[in-house]
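A.B. asks: Protein chains in written order, with the numbering used here: chain A, 1 to 447; chain B, 1 to 408.
No wet-lab data here; the hints were simulated from the structure.
One or more hints might be untrue.
Said to hold, decoys possible - Derived DSS-like pairs (lysine-lysine); straight-line CA-CA distance at most 27 angstroms:
hint, chain 1, residue 1, chain 2, residue 2
1, A, K81, B, K321
2, A, K320, B, K52
3, B, K53, A, K320
4, A, K288, B, K52
Here is what each chain is made of, one letter per residue.
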Amino acid sequence: MDANGPEPDPPLAWTRRAAMGAMAVGAVGVARARAEAAQPAAEAVPKPRPRIAAVATCYYKTSHGQGIIDRFMDGYGWGGKHHRPAIDVVSLYVDQRPKGDLTDERVARHPGLEVYPTIAEALTRGGPTLDVDGVVLIGEHGDYLRDDRGRMHYPRYEFFKQVADVFRKSGRSVPVFNDKHLSWNWEWAKEMVATSRELNFPFLAGSSLPVTWRIPEYETPTDAPIEEAVCVGYGGVDSYDFHGLESLQCFVERRRGGETGVRAVEVLRGADVWKALDPAQGGSARTKALFDACLCRSFRLTSPMEGYGNAFPTLEQASKIAADPLLYRLHYNDGLVGSLFMMSGLVADFTVALKLAADPAIHSTQLYLCGISPNQTLPNFFSPLANHIEAMFLTGKAPYPVERTLLTSGVLCTAVDLLAEKRRLAETPDLAAITYQAPVESQYMRS
Amino acid sequence: MRSRKPIDDAPQSPPAGRKRLAIVTTVWKYLSHAQHMGDRFLVGYPMDGAWKKPAIDVVSLYVDQKPEDDQSAERAATFGFKVYPTIAEALRQGGEKLAVDAVLIIGEHGEYPRNEKGQVLYPRYEFFKQAADVFEADGRAVPVFNDKHLSYSFTKAKAMVDASKRLNFPFLAGSSLPVTWRLPSVDLPLGAVVEDAVMVGVGGSDPMDYHALEAMQSVLERRRGGETGVRRVQMVVGDAVWKAADDGRWSRELLGAALSRSDSLQGLSVQDGRPQALAEGDEIARIAQDPAAYLIEYVDGTRATLLMLNGVLADYNLAVKVQGRPDPLSMQFLLPPTPNVAYSAQLMDKVVRMIETGRAAYPVERTMLVCGMLESCLDSRMNGQTPLETPHLAVRYESPRESLFART
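In isolation and in its complexed conformation, chain A is listed as follows (with noise of 0.2 angstroms):
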């Protein structure tokens, strides 16, 4: 999705996801976390006009920072007119300003725009405490360390701490935001969970992709008896599979029962993937219905005939296309198997397919990334995550808990582990213990 960055670069933008209280998994054990319940609080009371403080690793073209950001301060197409927010950005962190940095075009077209040479100051803007009544953290592109594991260090964990610290030390918190995943390091994402419920603050986070349009249409019907989940993405390891992995938790999370969490991560790559695929070496044939559901609400399939268009691969003919797949399986608690195909070169969009018990039929739609097609210059599906961000500020409340986050990056960080190691699946007591409740309404954009 990121035209622009360098590959294996993840990309732009997006993420989302919410949060309300937050809960200290594994040390504290199970917390049933409840969308409704999250809210605090005094210091979270609206006001008029909210003052906002962006924290952001860069603001260039297609960035993150850029493409959300820019939507608190341009306004942005909603429900069918120009929508600007009732929010002021009012000051600004940007960690790094590569060629291409527009801080200062921002800066001087947005007169109450300040930029500060650390967060402390941003959040407190230049006095001895937090003078701003909302956070945004945008830790996505920028020139930071991978790692050997292929894990990209963006200092995700090191501004929400500062951001804390300021909370701390001004015996007041204002609602955060905190684009893509928590943390590459799972212990800094469980932490940042842990601090936002000590210090009492609406906190939210993910991707854009659970709340940008759906074609068609779908949402998993409430208390739905899932039997199986299937999410074909495509896109680099810790990069845009946390994109899928939150496509696949926004619809099975909403499943009977709510989210019950996820006791054992399985990471399948190359021929073990299309074995897992074909019925005839022992694959699901139901897994395979759904992957192939997937593949035909994609509008980015790679024809296998050359000068044709539009066909649909054999599964020989997808291998050939797809050089390098993966397949995240997720074992959860009651039982459900939820499966995350990484299919770089064969799609190139996310979708996802789920069978319900007692409905023969399969329902699948794609999460669609406007903005990101050639001839298309606005990646709009930040629109719905900055409504969202907007209405947490507004409201003093998460639109939707930030345990699936939570979740999403503990699967994420052990399938990151299980990759380098080449092993195939751990157990994941931590993620046993995330349990929540996601809002009965649907939270991606309709209208």
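Using the hints provided, position chain B relative to the given structure of chain A.
C.D. replies: Below, chain B alone, put in the same frame as chain A:
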């Protein structure tokens, strides 16, 4: 895909339950309409989350031009059908009598001259006429699909529709925009009173303005009273487009609603990614290249405008002011990217259903009326951009009750 069979084996009667299709086209090359539409009948297409392979066999093909990158010979060899030198032979599979169950006419792409109005003279009427002549001579007619507008000429378009009535065969035509996905997934409530509409589109004339007009028409025809036809049109270009807004001829508010659905604003959005409210202020006039307004007045008094705004955006969006609704209804007609061009699967599925059921899903009068609207707009432009009365466009028809755009 279906199994291959040797060419000399082409059956004169179809296997049980399967229909035989003749494709008549200007050119078959990669990414041409013939390729992405014709291939749906050869390799299937995605529909409702499954890969659909209709029980239809392409048994014959006519291609008018064979450029260097022609694919017709390869397709014929791979899928076991024959390319015939004439349309009549294609429809008769080289025999004496009509030997197909449906005809797909795709007169798009290829080298054809333009007329003084800038219209490409694709030989759709001529192709259709040859098919109709076979129907007439052989005493049997089969369903026909005509891609895009019927003809650059309303007179020819009307002759085509008249022939389909006289020979009594299902006739479906038009653009894929009316049937593609919409963002959001909405339609005009059937019977709603429309006060005004603004469509924005891009691209050249006459191919792309046609798509935009038909997209708009597919929504507006659902208004109260049904379609009554068009009584007057005017086309203005350049600064006159903005002056027309100042004069109240079209609504800036509706332009704003339409642009709010765009994912492809140009200008500063290209430069640095920022979202823009281009309906406000003069930036839009600065970045628009040769803007054009197609001002349509329907017989029932409804007003609608197509703005072709090259340099402003790169997608197709509509806003409609509906009586009793505080905010305009607005939507993007989504054109998913090449090479999948998922919209063409949606359109071809309508063709498949017509072949299967013997019934066209929506009236060909829609396409005929839009042919006339477009031609008269271009005449108005030629004629000093003055208003043009269009008594010949008093085309009445009733829209299908059910919305037929992609939603499932």
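A.B. asks: Okay, which hints does this one fail, numbers in order?
C.D. replies: none
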